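Participant: Sequence:
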Amino acid sequence: MHCYILFALIAVAAASSDVIYDGPCPSIRPQQNFDFASYQGTWYELARYPNAGEEGTKGKCTIAEYFVHGYDAGRVKNSHVIDGVRSFIEGDLTLVGPARIRLTYTFDGLSKYSYLTVLDTDYTNYAIGYSCKYFPDGNNHQVFSWIKSRSPTMDEHSRAIVDDYLRKSTILDANKYVANDFSTAACQTYIFRSITEFLKDN
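Numbered by mature numbering (1 follows the signal peptide of the UniProt record, and there is no 0), the letters in the sequence shown go through residues -17 to -1, 1 to 185 in order.
The hints are simulated quantities; they were obtained by calculation from the structure and are not laboratory data. None of these values were measured; they are calculated from a predicted model. C-beta atoms are modelled at their ideal positions from N, C-alpha and C, and glycine is treated no differently. A couple of the hints might just be wrong.
Said to hold, decoys possible - Here are the computed distance ranges between Cβ atoms for each label pair:
id: 1; residue 1: Ser21; residue 2: Ala143; range: 18 to 24 angstroms
id: 2; residue 1: Thr167; residue 2: Gln15; range: 37 to 43 angstroms
id: 3; residue 1: Asp75; residue 2: Thr167; range: 31 to 37 angstroms
id: 4; residue 1: Asp120; residue 2: Thr167; range: 40 to 46 angstroms
id: 5; residue 1: Asn158; residue 2: Arg12; range: 19 to 25 angstroms
All chains, please: the whole structure from these sequences, using the hints.
Facilitator: In structure tokens, the structure reads:
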């Protein structure tokens, strides 16, 4: 019987703070022959490293919607629910390298950039996302990561693939992920709110 390490760990994960390590960002290997157009569509975030942009561990029922226009550009809409309020933020996408996507959010003429590298995906079932930000003053870096699915639940075959990837990874730690909640109660929405300011300078 296969033991699903990731999904066993995140069910009891206690991590609630940003994931920070000493030194610069590590070298990573992105998805080979990444197909930007095939990555578009709706992704459900099943688990993530906690981060301020998603209000730590509070955000539930998190969804990312990607709309690709042409070879290397598009739009993104991210949303999550907290206490019946679905907050959403929209921005621009630019493919800037192999499986590396720049996300640009602009408020009041000020733009903030973040980057997503797709480490592994089959485009139709699962995706593993990664981002890293280096802080030279402290010589340390913050890691962001997401486990995404095309539906609020993941089939056993895809779970096994994700589990195997994390088991072999030298840069990701399954213990750091926190599970998302797509239950009816967690996703119940009474108010929709557009995010119009940056929560934190990550």
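Participant: Between aspartate 120 and threonine 167, does the beta-carbon spacing fit 40 to 46 angstroms?
Facilitator: Given a distance of about 45 angstroms, which is inside 40 to 46 angstroms, the answer is holds.
Participant: That 18 to 24 angstroms hint for serine 21 and alanine 143 (C-beta), does it hold up?
Facilitator: Given a distance of about 22 angstroms, which is inside 18 to 24 angstroms, the answer is holds.
Participant: If you check the beta carbons of threonine 167 and glutamine 15, does the distance land in 37 to 43 angstroms?
Facilitator: Hint holds: Cβ distance 38 angstroms, inside 37 to 43 angstroms.
Participant: At the C-beta level, are asparagine 158 and arginine 12 separated by a distance inside 19 to 25 angstroms?
Facilitator: holds (22 angstroms)
Participant: Looking only at beta-carbon atoms, does the pair aspartate 75, threonine 167 fall within the given range of 31 to 37 angstroms?
Facilitator: This hint holds: roughly 33 angstroms between Cβ atoms.
The structure fails none of the hints (numbered hints given earlier).
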